[in-house]
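Engineer: If you're matching them up, the sequences are chains A, B and C in order. Read in order, the letters of the first sequence correspond to residues 275 to 432 in my numbering. Read in order, the letters of the second sequence correspond to residues 275 to 432 in my numbering. Read in order, the letters of the third sequence correspond to residues 275 to 432 in my numbering.
If you're looking for bench data, these hints aren't it; they were derived computationally from the structure. Please note that the accuracy of each hint is not assured.
Since the list gives no way to pick out one identical chain from another, each pair is judged satisfied if it fits inside one copy or across any two copies.
Claimed, not checked - Below, computed lysine to any residue pairings styled on SDA-like, alpha-carbon distance capped at 20 Å:
1. K370 to I413
2. K323 to E404
3. K349 to N394
4. K388 to A424
5. K277 to A382
None of the values given here were measured: they were computed from a predicted structure.
Chain by chain, the residues:
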Amino acid sequence: MVKRASIVIFSDELDKACAAFTIANAAAASGMEVNLFFSCWGVNVVRRKGPLFQGDTLMNRLMSLLSRGGAEKLKLSRFDFFGLGSWMMRRMMKEKNIQSIPEMMADAKDLGVKFLVCDNPTAIMGLKREDLIDEVDDIVGAATYVHESAGAELTLFI
Amino acid sequence: MVKRASIVIFSDELDKACAAFTIANAAAASGMEVNLFFSCWGVNVVRRKGPLFQGDTLMNRLMSLLSRGGAEKLKLSRFDFFGLGSWMMRRMMKEKNIQSIPEMMADAKDLGVKFLVCDNPTAIMGLKREDLIDEVDDIVGAATYVHESAGAELTLFI
Amino acid sequence: MVKRASIVIFSDELDKACAAFTIANAAAASGMEVNLFFSCWGVNVVRRKGPLFQGDTLMNRLMSLLSRGGAEKLKLSRFDFFGLGSWMMRRMMKEKNIQSIPEMMADAKDLGVKFLVCDNPTAIMGLKREDLIDEVDDIVGAATYVHESAGAELTLFI
Numbered sequence: 275m276v277k278r279a280s281i282v283i284f285s286d287e288l289d290k291a292c293a294a295f296t297i298a299n300a301a302a303a304s305g306m307e308v309n310l311f312f313s314c315w316g317v318n319v320v321r322r323k324g325p326l327f328q329g330d331t332l333m334n335r336l337m338s339l340l341s342r343g344g345a346e347k348l349k350l351s352r353f354d355f356f357g358l359g360s361w362m363m364r365r366m367m368k369e370k371n372i373q374s375i376p377e378m379m380a381d382a383k384d385l386g387v388k389f390l391v392c393d394n395p396t397a398i399m400g401l402k403r404e405d406l407i408d409e410v411d412d413i414v415g416a417a418t419y420v421h422e423s424a425g426a427e428l429t430l431f432i
Numbered sequence: 275m276v277k278r279a280s281i282v283i284f285s286d287e288l289d290k291a292c293a294a295f296t297i298a299n300a301a302a303a304s305g306m307e308v309n310l311f312f313s314c315w316g317v318n319v320v321r322r323k324g325p326l327f328q329g330d331t332l333m334n335r336l337m338s339l340l341s342r343g344g345a346e347k348l349k350l351s352r353f354d355f356f357g358l359g360s361w362m363m364r365r366m367m368k369e370k371n372i373q374s375i376p377e378m379m380a381d382a383k384d385l386g387v388k389f390l391v392c393d394n395p396t397a398i399m400g401l402k403r404e405d406l407i408d409e410v411d412d413i414v415g416a417a418t419y420v421h422e423s424a425g426a427e428l429t430l431f432i
Numbered sequence: 275m276v277k278r279a280s281i282v283i284f285s286d287e288l289d290k291a292c293a294a295f296t297i298a299n300a301a302a303a304s305g306m307e308v309n310l311f312f313s314c315w316g317v318n319v320v321r322r323k324g325p326l327f328q329g330d331t332l333m334n335r336l337m338s339l340l341s342r343g344g345a346e347k348l349k350l351s352r353f354d355f356f357g358l359g360s361w362m363m364r365r366m367m368k369e370k371n372i373q374s375i376p377e378m379m380a381d382a383k384d385l386g387v388k389f390l391v392c393d394n395p396t397a398i399m400g401l402k403r404e405d406l407i408d409e410v411d412d413i414v415g416a417a418t419y420v421h422e423s424a425g426a427e428l429t430l431f432i
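Here chain A stands alone, though its shape is the one from the complex (with noise of 0.2 Å):
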C-alpha cells in the first residue's frame, strides 16, 4: 500500500518553507502520496502576488498590508534584518546549488504533491480562489486534513 505524508505549513517564513517542500519532494520521490496544508501565514507561501491592499474590509486590506503573498519572498524565522537575512540566505542556498522556493514547488507540482489551503484562514484574510496561485488544487476544512492525516504514515505541523 501506498504510504503517505501529511504536512501542515503553517508559517511563510523562508526557513521553515524550505524545511517543508525539501520533506515533501522527499517524501514524494521516493513513492509516497504527499499532501501539503497551507493555512494560517502558510497561504502566503501559495498567494498570488496582488496590489499592496487586498481584501473587502478594512481589516483584511489592513492585513494584506502586513504579509503579502508570493513565494519568492519570503522572509527568515530569525535575523531578517528587513530582507538582508533572507537575501543573504537566498544567496548562499543558490552558492550551495539548493533550489529556491518557487523551483521546489515546481518540482512538488511535477512529483504530485497536493496543495490544499485550508478555508478558515482563507476566509479570515479575506482571499479568494483567483487570490491563489494556480498550483493550489483546492480549499478544504479542518475534516479532510484530519481525514487524509489519521491514515498518512507522516504527519507534521511545520
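Starting from the known structure of chain A, fit chains B and C onto it as the hints suggest.
Structural biologist: Okay, now just chains B and C, sitting in the frame of chain A:
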C-alpha cells in the same frame, strides 16, 4: 479500532492555539480519541487568570508577570503590536463566524478531548493544580506523553 | 516489533531543545528507537564551540557570528532579553532538579538515541564534520529522513 490523535500545544500564541483546537475538534468529531498535551508556554492556555505576581520564588513571580494565563488573552505570533493584532484577529474571526478559543475549548471538552498538562513546565513555572482551569484532566510526565503518542495515528507538535 | 520515533530539531532555542530531548529520552527509555534530525538553526545545538568567525565565505562568517554553536548557550524563544531570560530559565530548571541540555544530551547518547544532522543546512552554513560535536552519528539527506520517518510511530517537527 478507534484512531487516536496526540497533539503537543507548546505555544500560547492565538494563531497556534487556534490551529491546535481546530484540528483537535475536527479529529474528535470524526470519532478519534484526542489527547492535548500543554507544555512550556502552552501551559498558559489552561492557566487560571491569577494575580499579576504568582509563584513561590522571585523568579516564578517575574515569570508569571511576563506570561499571564487565560485563553481569552492569547496574542498573535506575529504582528501583535502590543495587542492590536490579536484584537483585530479576534474581530475578524467573529465577523467570519469562526469560534473563539474559549468556545473551541468548551466544544473540545464536550467532544471528549483530554486536556493533559506536562509536569516539568508546570514545576518550572511554580504552578499547582489549583492554578490551572477545571477543564484540565491531569498533570502528566513525558513517559505518559510517549506512551499515548506511540499508539496514535496523528502526532503533532504545535 | 520495536517502535520508532523521528524528531526534527529545527530550532536552537532552549525551550524547544528542552522539549525535544525530554520526549526523545522518554521514548528511548520506554524502548523505542529514536532518531533526532538536526536541521536549520537546530544544527547549532550540535555545533562545536568555534571561533567567532567560522566558514569559508564572508556570508558563512557573518552567519556564524549570528548563530554560534554550543548546547549550553541556547536562548529562549521568548523573553530572552539578551540572555537574562535563558539564564533565569536555566536557574529555575536547576532549582526544580530538571536536567540541563548538555545533561539531557549525554543521557540521550547513553540511551542509544541517534544524532543525525541534515546535509543542506550544514552546507549552507559552511560547516564540516569537524565543526560538529563528537556525539553526531552522521550527516544525512532528506531521503534518509523520509525513509526513517515513514516507518516511525511518532513523528514530530520541533
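Engineer: Could you run down the list of hints and mark each one as holding or not?
Structural biologist: Results for each hint:
In the homo-oligomer, the alpha carbons of K370 and I413 lie at most 20 Å apart only across protomers (16 Å), although the nearest pairing inside one protomer, at 35 Å, exceeds that limit. Only within a single protomer do K323 and E404 lie at most 20 Å apart by alpha-carbon distance; the minimum there is 11 Å, versus 43 Å between protomers. Taking identical chains as interchangeable, the C-alpha atoms of K349 and N394 lie at most 20 Å apart only when they sit on different chains, with a minimum of 18 Å there against 23 Å within one chain. Taking the shortest alpha-carbon separations for K388 and A424, both the intra-copy value of 17 Å and the inter-copy value of 18 Å come in at or below 20 Å.
Taking CA atoms no more than 20 Å apart as the test, K277 paired with A382 passes inside one copy only; the shortest distance there is 17 Å, against 29 Å between copies.
Hint check: no violations occur; every hint is consistent with the structure.
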